[in-house]
Structures are given as C-alpha cells and as structure tokens.
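> If you want the building blocks of each chain, they are given just below.
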Amino acid sequence: MSQKFRLPAGGRVNRSKLLNFSFDGQQLQGYEGDTLASALLANGVHLIGRSFKYHRPRGFMAAGPEEPNALMQLEKDPYTQPNTRATLQELYEDLEADSQNRWPSLKLDISAVNSLVARALPAGFYYKTFMAPAKMWMTYEKIIRKAAGLGVSPKAPDPDWYDHRHEYPDVLVVGGGPAGLAAALSAGRSGARVILVEQTQEFGGSLLSDNAEIEGAPAQQWIDATLAELQSMPEVQLLNRTTLTHYLDYNYLTAAQHLGDHMKPGTSKGPRQCLWKLRAKRVVLATGAYERPLVFADNDRPGVMMANAIRTFQHRYGVLPGRELVVFTNNDSAYSTAIDAAGTGASVTIVDCRKAAGDIAQSAASGVGIEIILNSAITGVKYSSGLKSVDVMSLNADGTGVQGQPRVINCDLVGSSGGWNPVLNLHSQSKGKLRWMEAEQTYAPGVTASINPSLSAGACNGAFDLADCLDEGFAAGAKAATEAGFEAIAGSVNAVTPTLGVGELRALWVVPCDHPLGQGKKKHFHEFQNDATAADLLLAQREGYVSVEHTKRYTTTGMANDQGKTSNINALGVVAQARGESIPQVGITTFRPPFEPLTFGAIVGQNCKDLFHMVRKTPMHSWAEEQGGVFEDVGDWKRTRYYPRAGEDMHAAVYRECAQVRQSVGMFDGSTLGKIDIQGPDAAWLLNMLYTNAWLKLAPGKCRYGLMLNEHGMVFDDGVTACIAENHYHMTTTTGGAARVLGWIEEWLQTEWPEKKVWCTSVSEQWAVIAINGPKAREVLASLTDIDLDAESFKFMDWRAGKVAGVDARVYRISFTGECAYEINVPARYGRHVWEQVHAAGQPHDIVPYGTETMHVLRAEKGFIIVGQDSDGTMTPHDLAMDWIVSKAKPDFLGKRSHARADITREGRKQLIGLLTDDPQVVLPEGTHIIAEVKPAPPMKMLGHVTSSYMSPNVDGGRSIAMAVLKDGFNRMGESVDLVLLDGTHVTAKVVDPVFVDKEGLRSRS
Amino acid sequence: MLILDCPWCGTRDQSEFHCHGEAHIARPTDTEKMDDKAWGEYVFFRTNPKGIHYERWTHDHGCKRWFNAVRNTATDEFLAFYKPGEKAPAVGSDQ
Ligand SMILES: [Zn+2]
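Chains G and F, in that order, are what the protein sequence lines are.
Start counting at 1 in the first sequence, then tack on 709, and there's your number in the numbering used here.
Start counting at 1 in the second sequence, then tack on 877, and there's your number in the numbering used here.
Hints are computed from structural coordinates only; laboratory data are not their basis.
Please note that the accuracy of each hint is not assured.
A few chain F residues that don't get close to chain G, going by computed Cβ distances all over 12 Å [claimed, not checked]:
| id | residue |
| --- | --- |
| 1 | Cys886 |
| 2 | Arg904 |
| 3 | Thr924 |
| 4 | Lys927 |
| 5 | Ile929 |
| 6 | Ala957 |
| 7 | Phe958 |
| 8 | Gly962 |
| 9 | Pro966 |
| 10 | Ala967 |
In silico BS3-like cross-links for lysine-lysine, where the CA-CA straight-line distance does not exceed 27 Å [said to hold, decoys possible]:
| id | chain 1 | residue 1 | chain 2 | residue 2 |
| --- | --- | --- | --- | --- |
| 11 | G | Lys1605 | F | Lys910 |
| 12 | G | Lys1142 | G | Lys1411 |
| 13 | F | Lys941 | G | Lys1347 |
| 14 | G | Lys1465 | F | Lys941 |
| 15 | F | Lys927 | G | Lys1597 |
| 16 | F | Lys960 | G | Lys1466 |
| 17 | F | Lys941 | G | Lys1326 |
| 18 | G | Lys1599 | F | Lys910 |
| 19 | F | Lys914 | G | Lys1605 |
| 20 | G | Lys1676 | F | Lys914 |
| 21 | G | Lys1599 | F | Lys964 |
| 22 | F | Lys910 | G | Lys1465 |
| 23 | F | Lys914 | G | Lys1466 |
| 24 | G | Lys1466 | F | Lys927 |
| 25 | G | Lys1142 | F | Lys927 |
| 26 | G | Lys1619 | F | Lys914 |
If you anchor each label on the Cβ, the simulated ranges turn out as follows [unchecked claim]:
| id | chain 1 | residue 1 | chain 2 | residue 2 | range |
| --- | --- | --- | --- | --- | --- |
| 27 | F | Gly917 | G | Lys1465 | 24 to 34 Å |
| 28 | F | Asp890 | G | Gly1452 | 18 to 28 Å |
| 29 | G | Ala937 | F | Asn925 | 47 to 57 Å |
| 30 | G | Lys1599 | F | Ala967 | 36 to 46 Å |
| 31 | G | Ala1491 | F | Gly917 | 51 to 61 Å |
| 32 | G | Gln910 | F | Ala967 | 36 to 46 Å |
| 33 | F | Asp890 | G | Val1077 | 56 to 66 Å |
| 34 | F | Asp890 | G | His971 | 30 to 40 Å |
| 35 | G | Gly1155 | F | Asp890 | 26 to 36 Å |
| 36 | G | Glu876 | F | Pro926 | 32 to 42 Å |
| 37 | F | Asp890 | G | Lys1230 | 32 to 42 Å |
| 38 | G | Lys1142 | F | Asp890 | 18 to 28 Å |
Each residue gets a CB set at the ideal place from its N, CA and C atoms; glycine is no exception.
The task is simple: from the sequences and hints, build the whole structure.
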C-alpha cells in the first residue's frame, strides 16, 4: 500500500496533487507540499544511508536544516547534486533521489564489517594513521573516499544559471516563525524597508509543527492575516525558500534564494538560485531552536528521531512515521509529541529520566492513556531491518548507572528529547557573545558585537514559550525599526494557548546503559554526521586534547556540513560531565559560516564564462584577429603573440619575424603600454624624485628612459618619458604596471607632497601606439608623414608632432629592439587606420607585423630588461648592470638612501648577466637553476636562475641566448657554469655580457 | 565586509577601498644623514597593535584619493576618518 504512514487528515500538504518520485530506483508517491523526507517517511522508508565511518544504517532524525543523516544525491548528470538535505528538499513530480553512502550496500547490515571498521576508526584516526609516510596518503585517501561516500560531483558543466542581488534593508528579519513574523509586522508598520527571510517554502515556523491557537483560532489564521498585511506593505519583501548563509561585518549578510530547486531540473527558465547581498541597518534574528538528541546506547538506529521532528511530520505533513512510539525525554516539551501521536490512535509510552514530570504534562499524558515510566532510560535499541524494540531500565540515584532487569518495549519509532538549543549560528558568526542558561542547560545570545547591531527574539533568544516568542518578536521589530530611524510601536496579540515548556530539565549528558561507555558493542552517538561517539570525546580527554577546540578537531565533532547543529552542546555536556565541570567552564567553539552549504553557482552568479573577467583589446585587435594572430593574456589585455603563416608553429613564426625586423622592417602594436599625462609647474621636480636619473633639464621635443624604484631601492617599473612642452610630460610605463605606477605617484602627491603643483591623468587608452622597427623604418614612415625624418635633426630619443597617414600624431624616436625605430602615437580611434596605412606603405620592404614573443627576443638580443621578468623585486639598478642611469649628483630620489644599506652594497648579490650554452641549439627553460656543483640528486647549491631565454636568428647565424641572474655574476664573465634541467640532465654555459647584438648601439642612432 | 566613510564621497563598501597600513609615517627629509637603522625603521617597520590603529586607505574604485582612518583592530570598529594632512583625532583609550 502506498503512503501507509500518511495520516487520514491534517498537514499542510495538498492531497489532491499526487507526485511520483523515486528513491534508489524504487517508485514512490507523495503529495505537493511534502519534503523528500516527509514523502519517504509517509512510505515507511526510514533507512536512507550509512554512517560516515562505521557504515551503520542511518535514518531521519530531524525535520529541518539540523538533519545530520539524510544527505542524498539528487537527479542525474548534468543536474546531479550531492549532499542534498532531504528534510529541506521539496518534493516535485519525477524527483530522482539516491542514497549516497551505502557501502557495502544500503540494506545489507554486516555487523562483522561494522565492528572491524569500528576498531580501525577511533577518535583521532586520521591524525594517528597519517603520521605514516606522506606517500601512503594517496592510498588511504582512495579508501576513505570510497568508504565515506560523500556523494558525486556533476561531471558536465552546470546548465543552470545563477544571479546576485544587492539590497539595503532598514530591518532584516531572519526566520519566518512566530517571532520573525511579529518582528516584521512591527517594523513594517513603521514604514521601514523590511526583508523577511524564511528558509522553507512556507512562513509559520514552529506554528506549522503544532496545534497552537492564537486569539481563539488556529494559528494558521494569524499567519495568513500577518502575511496578508505584510504583503500589502510596499517596503516589505518576503523571501521564502531563502537561507541566510553568512553574517559578516557591518551587518553585511548573504542569503541564498532557491528559485528553481523545488522544480524538476531543466523546467525553470529563470535562475536556479539567487544570492542576496544584504547590508542591513538592523538585523533581527528569529532563527528558532533545535531539539537536542539524548545520547543513549545505539541512539543512531533508523526510527530513533528527535521528539519534535515527529510532531512536525505529523502536523506539517500529515505523516506519523510509526505506529508504536516510545518518547524518551529529560524534560516536559516532548510530552506534546506523545500526546499528539496518541491522538491519532498510535500506541505511545513515555520514558522519562526524571523522578517526576511537570504536573500539567503528566496529567495531560495520563489523561490520554499514555504510560509514563519515570526515573528510567533506554539502554538498548533492537534494530533488524527496522526498529523492533527498546530496553528500558531504572536509573540509579545519581543517574550514572542503571539497575534491575531491562524491560523490553516493542516499538517502531522512538522520539528523544534532551532539551532545546537556541540556533546561535548567525549570532555567533556576527561575533556576538553568549550567555549560559542554567535551567535550560544551554547557551543563548549575549552581548552583540558593536559593528553588527542586531537583536535576537523568540526561541533563538531562549524564549521557548509561544506567547514569549510573539512578544519578543513584536518588541524586537519595533526596536530595530526605531534604531533604524523610524517611529515604531510594538504590535501584540492576545490569548495564546500555553505551550508545554521544558519544565524541570534533568541534564544527563551520557545516558548510561548496561555496559560502561565504550565497552561492548553499543555506541552512544552525539555527532551523527561525522560519526563521533561519547566514548571518542572521553578518549580525546584521556589523550590530552583537553581544550574544547582541540577536542573538536580530534573527534571531528561539529565539523561536518551541519556545523554541529545537533552535536555541539551535547559534546560540551559530555566533556563537562567527564571532567566534573560546568559547561561554561569547558568553553564553547565558534560556529562558522556558511549556515548551510552554498553552491558554487550561487557564489559565482553571472561572473562566469565570458563574464568571468573583463578583457581589454587594442584598436588594432580586430586586424590581428583577421590576420590569424595568436593572442596571449597580459594583465587584462589581449596582446598578439605572433602572426603565424600557413604551416608555421610559434617557433618558426617568431624566428621569421625576428630575422625580418633586423634585415628590413617590422611593425608592432604597443598600444597597451601604460601612459600617464603629467602637467604642472612641479612636473619636472616630480619626475626627478620618481626616477633615478636627472630630469630637470629635459627640453620639449626630447625623450628620456627612466627606472623607478620603491623605497627599498628595488626596481619596480621602467619606461620612456617625453617632454611635450614646458611643464607637460608624457610618461610610459610597462603594460602590467600602468595602474600601479599611477597609484604610486598619486600616493606621494596626495600624502607626502600635497603642496606640489602637478597633476597626473591616465591616458593609456587614449593613444594607439604603432612601433616601426628596422633598417627600413625611416623609409616606411617617410612615405606617410610630413615630419622631417632627417637623422641629424630628428635624432634618437627625440619626438616630433605631425601628420601620419593624415592623422595628427606624436612620433617618438625610441627603440626597444636596438634598431632604428619610430613609435607612432595617434588617437585610439585612428589606430587601425594608421596601422593599415603603415602595413601598406611597408609592402615594398616586406614589412612584417610581429607580436610580443618576437618583441621579447629582439629586446633580449640587446640585453634590455623586462621589469618583472629579469627583475623580481629584489634587484637594484646596480644588480641589473644599470648603474649608468643612477644619478650620483641628485641629493634625493625615491629609493636612493636604500642603496647605501649594507645588504645592498655587499658582495655576492645576484647580478644580471648573459649566458651562451655550449650547445647553441639548447634553449634553456626560463627558471632553470644555475648550480655550484653537479651532484647525482638534489639538494645542490643554487647560484642563480635563467630569467629570459630564446632561440635567436640574429646571433652567430642562429643560436640560443639567455639572460640570467647569477651570484657575483659581474665577476664571473667568461666562466663556465652548470645548469640542471627538470629532467635531471645538466647543461653547461658561458657567462657573457648580455648585449648580444650591436654592442656599440649604432643601429638605433642610424 | 566593512563600511568606510570616505571624507570626499561618503560611506561605501570595503570592496571599493584598499588599506595601506600604518599612517603618519613622514618620509625623512635628510635621508643622506640617516644611519641604516633609522632608515630601516622608516622603510620596513610598522606597528601591529591589538586595538586602536591609525591607518591609511585609498578609495580606489571611487575618487581614488587617500585618507586616514582610526580602526580598532580587535573589533574592526572605525572611530574616525580624516583627510591626509589633518591632525590625527584623539579617540578613546586603547581597548
Ligand atoms: Zn572617495
């Protein structure tokens, strides 16, 4: 029979809408409004997985987000999703769920395997086992993965899309139960902008789990009226299916809204999830409380649930997951579960570890014929393909042991209650302090952090009675709105049915059984998801992991994806009891975000694929694309790396480009260079401070190369700066350093030299730059410009303004190849036009467009450095053999004083040199270590490393060249050095001057 | 994520800003006369208090201007924001 545990009436499910679904291939039915958990329980399915370490059968314990066991694999690739909590997953037509931890198999209960594994996995198992050689980890890891079975990730790309939203509520209310609804009402009525977040599909919280009445009517009427009023308020947003995951600094909170997770994958057109980024003036936390399981022998058997979860399944979903119920409690609240279940005709027994129950609870339960067994405990659970019975024994006087003979009570369902824990996760995330509640034996929110103004209301604040919840909610909503600048009055309701509170609670952190703890086969679980027992906690204490943070990590208590929602206080209780201390003396661990796991999709939103990162393209980009140019990423820029012809690989293309530039002429897109326009009467003074050389006398029409140092005296950027006019300069920086250099200049001008009259503007994207290099460069340019290119009047390191290809241009005669070269700067919008004109004008000379790879080779042939490649933030100008550019006459410039530091002037620093391999065909990989002495195996003393290395067509008719930094390199000229490649082979090379071509520098001046 | 009150723009999210460490370290003017130790103090050494910290920030994704802030490093509470060149405000005693 289908749904044989569905009650004939009741619950919030829609019985006219039958839904088909499957679990491990078995076809089942449930109703609209069910969760996957309630639908499975309606069909009598308790066994839903095996535990993490011991592979014991496990069933549902809870009805909400605190459920530790019911993690399932949902759907198939590409939509498959591991670790879906069945108690939160709404049922939909054709839902496919699979148990994900079922080794050796879900149904097969091999006790021999269990006990074998149990002996192998005590507390601290990981630490103890993996002290072994690191190599063994790979083997262990595979076994653990197989055994643990934490679900499977999808293998195909996620076909869904995700979004982000930013909102700035005056009052953010977290939790849509009675306190949260009341808070939203008070705040909303003041006109404040309110967002109310509820994790499940329906507002009402605990009111959906019981049969309370408000103002003489079922509570649902109050919920409906409240929601109607809130919906009528234009400034109020109600977000159901939304999980508050992070409470971060300055009331910045994130919430994952599940827009498509309650539908069959592929049927929703909108985003699957939306991550809300909320900056709230005030936060009201109304997150409720979780029931605490009792830690008794074999309390993990399927069918052993938390008492209030049974009540939730009954009232919210119309499911009573058993016919014979034993309620095991240490407080009054669980009597409600017993009384409500008895009302459906179920057979119910209460086992109460106290000597007496509260009068109201006791008489109400007795009144409906429930047997109450006082001062007793469950000491064993019989499970064999289903829950069969429990053993009940009397407690001794102090509750540390049991006495007499066990009484066997047949049952198929156990509800346990060890009291209640306010949901402190978000308060804890907000850095709030905690206060201990002695009567309830739990923590509640204490002082909040000053940067995160928030209020807690209702059960999460330790107010477990419904009337108190509502009062606190109304008051908190009004207070929050008032503090946010609104005039608010607290709402109220009358005549709320009293709830059975906790009453006199008897803390029994470890419920004794007929064997001492940790002996015999019975296990007392406090942490279900990570499979940790009370015995593990005691072992940790014995082995010296006394601090609660150490205990937590040693036993992995509270470290699973439920973040210890059900286990934390019980673990503290067990430790406190063992040490004879109070829980506050033991301390508490911190709850970490996220409250519930967050999908990568929600985190990423739309910032993926083409929108993952912005791309910058030069004005000539489309031309290079049309010519089949190959691009590389340089910062955000796409730069053409080389222009292959048919059949060419990179090596062949670069070889050809390099040769052609030196033989005839080439053209290069230099538009990505950083460019800063500097103006003002103190501009020259500024340049003089920024660069190591002299700048005060640079005349209009002239350019100068400069090195920029940080205050450590290390090179951090270089480039050519031109004097455009008096008090007006055009600075260029490296492509990657553009923003950094402007920031550096601004830092000094704003913080140290605010009185200086000089202004800097980034013009990197305003200018397109076309560099023409090679012996024929002048001839190519001459056919396009009215500028007089005569070598005597327009000299190397001069610049001129004029027309190029009909466009106003600045032409800088500067060279990064060592050839005669002109860099044509035109407004960016003319970049492609001028580029094409240059290309056409160069045809008689076979002009070759070349990319960054060739540019790198050509500059290396000349020994020109690339900052960041040949230098790494530890190189001074002296280390780079660039003393010639450091002024001795200037009294000060940035970094100057550091050059006199002992560490900079000492012998033995690494210095930039050239390397020629003995075998001219060997191109050393960049990064190859230069070593003092070749040994059969590492370690070998390192003397330096290769920074740049290429095959050059222009040196000795074609051979490899390299630049390297080498300890005492300047003194080793002509010496032979050893280098070791990654594959272990070693190479010898000669230390040489790094200028390989045109040592006299005649070509650039020609 | 913190909120900062840029003296030129007003309150904005931390993601628009960048912190640059301790404030009120003037660049020495007579660098040639300083010994290595004094210069090293200026270049390398910064305080790292638990409590009140005067520090420099930039509003990178906004006005791109520098300013100073006083922050309690233990609580992340900001106690003051002020422009460069302005006198450091006195705030409550170290917590
Ligand atoms: Zn600003």
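> Decide, hint by hint, whether the structure agrees.
Taking the hints in turn, this is what the structure says about them:
no.: 1; hint: Cys886; in the structure: 15 Å, holds
no.: 2; hint: Arg904; in the structure: 5 Å, violated
no.: 3; hint: Thr924; in the structure: 18 Å, holds
no.: 4; hint: Lys927; in the structure: 15 Å, holds
no.: 5; hint: Ile929; in the structure: 14 Å, holds
no.: 6; hint: Ala957; in the structure: 15 Å, holds
no.: 7; hint: Phe958; in the structure: 14 Å, holds
no.: 8; hint: Gly962; in the structure: 6 Å, violated
no.: 9; hint: Pro966; in the structure: 17 Å, holds
no.: 10; hint: Ala967; in the structure: 19 Å, holds
no.: 11; hint: G:Lys1605 <-> F:Lys910; in the structure: 12 Å, holds
no.: 12; hint: G:Lys1142 <-> G:Lys1411; in the structure: 66 Å, violated
no.: 13; hint: F:Lys941 <-> G:Lys1347; in the structure: 26 Å, holds
no.: 14; hint: G:Lys1465 <-> F:Lys941; in the structure: 18 Å, holds
no.: 15; hint: F:Lys927 <-> G:Lys1597; in the structure: 43 Å, violated
no.: 16; hint: F:Lys960 <-> G:Lys1466; in the structure: 18 Å, holds
no.: 17; hint: F:Lys941 <-> G:Lys1326; in the structure: 24 Å, holds
no.: 18; hint: G:Lys1599 <-> F:Lys910; in the structure: 14 Å, holds
no.: 19; hint: F:Lys914 <-> G:Lys1605; in the structure: 15 Å, holds
no.: 20; hint: G:Lys1676 <-> F:Lys914; in the structure: 26 Å, holds
no.: 21; hint: G:Lys1599 <-> F:Lys964; in the structure: 32 Å, violated
no.: 22; hint: F:Lys910 <-> G:Lys1465; in the structure: 24 Å, holds
no.: 23; hint: F:Lys914 <-> G:Lys1466; in the structure: 33 Å, violated
no.: 24; hint: G:Lys1466 <-> F:Lys927; in the structure: 39 Å, violated
no.: 25; hint: G:Lys1142 <-> F:Lys927; in the structure: 19 Å, holds
no.: 26; hint: G:Lys1619 <-> F:Lys914; in the structure: 24 Å, holds
no.: 27; hint: F:Gly917 <-> G:Lys1465: 24 to 34 Å; in the structure: 27 Å, holds
no.: 28; hint: F:Asp890 <-> G:Gly1452: 18 to 28 Å; in the structure: 20 Å, holds
no.: 29; hint: G:Ala937 <-> F:Asn925: 47 to 57 Å; in the structure: 56 Å, holds
no.: 30; hint: G:Lys1599 <-> F:Ala967: 36 to 46 Å; in the structure: 40 Å, holds
no.: 31; hint: G:Ala1491 <-> F:Gly917: 51 to 61 Å; in the structure: 55 Å, holds
no.: 32; hint: G:Gln910 <-> F:Ala967: 36 to 46 Å; in the structure: 54 Å, violated
no.: 33; hint: F:Asp890 <-> G:Val1077: 56 to 66 Å; in the structure: 57 Å, holds
no.: 34; hint: F:Asp890 <-> G:His971: 30 to 40 Å; in the structure: 32 Å, holds
no.: 35; hint: G:Gly1155 <-> F:Asp890: 26 to 36 Å; in the structure: 28 Å, holds
no.: 36; hint: G:Glu876 <-> F:Pro926: 32 to 42 Å; in the structure: 36 Å, holds
no.: 37; hint: F:Asp890 <-> G:Lys1230: 32 to 42 Å; in the structure: 56 Å, violated
no.: 38; hint: G:Lys1142 <-> F:Asp890: 18 to 28 Å; in the structure: 26 Å, holds
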